[in-house]
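Protein chains in written order, with the numbering used here: chain P, 1 to 304; chain G, 1 to 312; chain F, 1 to 530.
Rather than coming from a laboratory, the hints here were simulated on the basis of the structure. Each statement offered as a hint is correct.
Output of the computed footprint for chain F on chain G, the stretches with three or more beta carbons under 8 Å from beta carbons of chain F:
1) 45-52
2) 246-260
3) 266-275
Derived, one-sided and incomplete: chain F residues facing chain P with beta-carbon distance under 10 Å:
4) 384
5) 385
6) 386
7) 388
8) 389
9) 390
10) 392
11) 394
12) 395
13) 408
14) 411
Cβ coordinates follow ideal geometry from the N, Cα and C atoms, glycine included.
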Amino acid sequence: MEYQEEMFTIVGCDEAASEAIARPQTTYWRDAWRRLKQNKVAIFAMIMLILIILLSLFGSQICGYDHTKMSMDMNQRPSLKHWFGTDKLGRDLFARVFAGGRISLMIGILGALITTVFGSVYGSISAFVGGKVDAIMMRIVEIVSSIPYLIVVIMLSLMMNDSGVGSILLALCIVGWCQTARLVRGQVLQLVNSDYVIAARTLGVSNWKIIRRHMIPNTMSVIIVNLTFRIPSYIFSEAFLSFVGLGISSPNTSWGMLASAGKETMLFYPYQMFFPALMIALTMLSFTLFGDGLRDALDPKLRR
Amino acid sequence: MVKYILKRVFYMFLVLFIVTTITFFLMHMIPGDPLTALVQKLPEQTKINYYAKYGLDKPVYEQYFVFLKGIFTEGTLGESIRFPGRQVLDTIQKYAGYSSEIGLVAVLIGFIIGIVLGTVSAIKQNKLPDKLISIIAILGISLPVFLLASLFQYLFTVKWPLFPTLGWGTPAHKILPILCMSFSPLATYTRYMRSSVLDVINQDYITMAEAKGMSFAQVVRRHVLRNSILPSLTILGPNIADVFTGSFVIESIFAIPGLGSYYITAVNDRDFPMIIGCAMFYTGIYILSLLVVDILYVIIDPRIRLTGSNSK
Amino acid sequence: MKKVLAAVLCLAMLLIAGGALAATQEITVFRANEPTTLDRVAATIDEAGKFILWDASEPLFRIIDGATTPSGAESYTYDEDTLTYTFTLRDNYWEDGVKVTAQDYLYSFQRMVDPSNAYGYISDIYCIVNAEEIYAGTKDVAELGVTAPDEKTLVVQLNAVTPAFLEVVPFYPQRQDFVESKGDAYGNDVANFLSCGPFKLTGWEHNSLLTLEKNDQYWDAENVKLEKVNVLISNDNNARYSAMLNGTLDYWETNDPDYIAHFEADDAFTTVDQYLPTLTFVLFNGQDELLQNTKIRQALSLAINREFFVEAMYKSVYPAAYGLTSSAIGINGVALRDVTPEPVRVLAEENPDPRALFIEGLEELGLDPDPSKITVTFSISSSATTDDTIALYQAMWGETLGINVVADVSEWASFWTDCKAGDFQIGTLAWSGEVDISFLFNLFLTDSAQMPCFTYSDEFDALVKKANQSTDADERLALYGEAEKIMMADLAAIAPVCYRVNKAVLRSNIKGWDYNVFSTAGHRYVYVED
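Chain P with its partners taken away, still in its complex shape (with noise of 0.2 Å):
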């Protein structure tokens, strides 16, 4: 077809219509979690934590059986009558492994989150703020990680007359932040002199709006690898702990409590130490999973 002038008119430029915006406004919070709920594989994450919580919460009733009560049928391999079998003590499995549950995951997230966020500051101070003080945050590190651990949970468990999770939490922590605020400064060191640091600095953007906005965001990936590898850690690392006192005792027990009293029995009753061992791993494919999606969620990169 051939066009002539006469078919056209001329509209004009619209300034206003240019400036229109085409998606709606989003902060990058919300922007992360959108992201988060359209990622399958961390849904399902999601929901298999959630199961595992409910389960910790209401294992007992489940099957029925209390996990202190001992009986004389002993170490029983699973069956239907007992689903995960049962102890040397004739107490039910299942029973036993849900209410540890709730004392691990407990101690894990909460412990894993304490030792992020003050680890995570910590280091982001050091690496941003630099010179002296970056120095003297760094030994103060170094002392903390070199006393001997064994000795500092027996001092920790003479000054806490209870043993509660409380004394446990701080046992772990004490030391735990370290790794995680090195992590984090090594990542900051990275950041610290890029192009938009200089630039928002010259601006005159406070140094804490920075650290908010630009370092945080962009370590986000380590502090969360970080964070799922504390978990399992500090799961196995509460049973070490009752070995001075500190950890639980009975009526209380824990996936890590468990999984070392199966070790002493691994090769005749197996299934004592394969369910808890499974907890746990089910419960890291989980945090991972999820951590993974938080990842992508958060990636600055790969908005769109």
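Mind docking chains G and F on chain P? Use the hints.
Chains G and F only, in chain P's frame:
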């Protein structure tokens, strides 16, 4: 750079001094001494003679000065109390060597394979290789090392007798311990590397490099690896330091004469000279590893200044 | 003629078939811990060290098959009036060919009583004239009641009648020139130790393996058939089990019913029960405001369902204990248990209702007679069975008496330090007796109280001291039996729970093994059959 290193060495001695002092006093504050830990039935006179022999009847600060004097005037860390006649320094040197033989290999295997797997995992994000590798990593970190060790020991020395069950002396004795000890580092480095590579791979300069015509392999080698290896290095330092004080669990299960069992037994038996000796040794190596990591930071990533941010 | 020939042939066949020695005479055994030292008179000599010394050294006497047998000594005489022993030594040689002399035995005694050496088990030789004073620094070592008039004679003078003298005192030789040349390092390594026993120490990889090889200089070398003994240091049950299965280890002791069942069913192994002289018990702090009352302690003791406990914890491999001494402890082969019924059984018959007894105790103390208001703290040192043990005591005392039990777990050194300082309420531990029956009883004596139960009795002291000095075995057993009743039942100073029984598992082609729990024979008579 040289000035920086000298400064860090000075700090090292400072921290070493502080840690030794704190450990010394903490050690004497917890209940128990080498005698109570070992002998159940104890005549009063034995306690008197024993404390006199080891200077344990003096006040703690006086014992501390005796200890320091020993280091500076004779260069000795003293003699173990539980194992009479064994020099702390000689014991540490010899057995740290054994521990590190298996530990270093395990960490290096974990590091190298972990870096590779992590990179592959990130490049093939959310595809099958990524999922498989993630599962391996999760198993590696959530299976406790005591479980792996006893299981492998039974499987590979009894069920399929391929290796010696316990002991030390031949390379065959080292294989199972190394295998057990490499799972955890493998998982760790895989995950950290994956996360860092993902961060880097979506950066603009990578797209730019590819647009310029570099092959993907070249891009990975030249840009991706350098920029993403930092968190893994941060963890590698202390991992290597830990290797020298050994893994108590692995050494007990495989009857390996390493420093791990000496260290833990020393605390349980309140063997004061041995505890301090091991603490000092570990501190020294740990701080050295941190120094090396910090220097590597600067070499690998030119954006990092040795003294951190300098825009003030 | 044919009959004679047949008989001779049969005999010949028996001689050849039975007892043929294997080509390699080598065995591997284990110890749970690394020996602290091989210096027998060091302050911190431990059980592992003593074990190695049975093979690498030659004591004057050994306990072989339960009997005290002269070994380094050829014979001895005892003078009742002067309380003096005179030992005549055999001709024995150190591994470097030098003769073992009475001087060597004397030298080790002199080191034992040296105050600067701080020997831990010094009270074993307080029976020797002036030993205690020299150790306390008030007399000179030259005044010790041990002398060596010539190379082959050792004379020891006692200050009191000591029935178990030959069993209790460590008569191990140490050569002065060698020990002095090594100084502090003596006994810490192969190069710093000199052997004179059936075997010599040839290898020591600390925390891993010790190697002992036949000592050709030994006086009885021709009767020692083993060429090599390996001692593995391993403290992990799974590791030891795996090692037994694949032939790395030849001997094991275990109390686990699953392992035991496996080995009993397997012909490749011989299994023997070993009744240990060990008592697991509950310790009461007699100074505590609740436990100072006898009825409270008795009620707590009776409320322990011992049969349930051993079935749950040990599948009844361990027998329940109602007394202080197990069947292993006695005099000259007669166990105290053969002569006296266990006191706590009698106590149980007299008091069928522990809860009522407990309430009586509460009323005597002027406390609220409602047991559910009482909470006791149960101290225990951490081990693999700690958690289960706590659960069981919580169940037993909770159900029978209605009280609350809170656990206090700590590692051994803290736990024991607290116990000895009286810083606990109720605790639990185990204690092993010795071949000398008086050992366990002496722990409760008021003036040398080693057992931190803080409950004392003059009557008990009098009975035990009389029994220690008597030489009539029947009289002694009767006296100890009465004393046991006072401590275990009348006062309930401690509550016995169970005795220990191990299953010794040995590869069935290994013979000559001495299973006696007090044996100090070492591996001298062991050999490997084809």
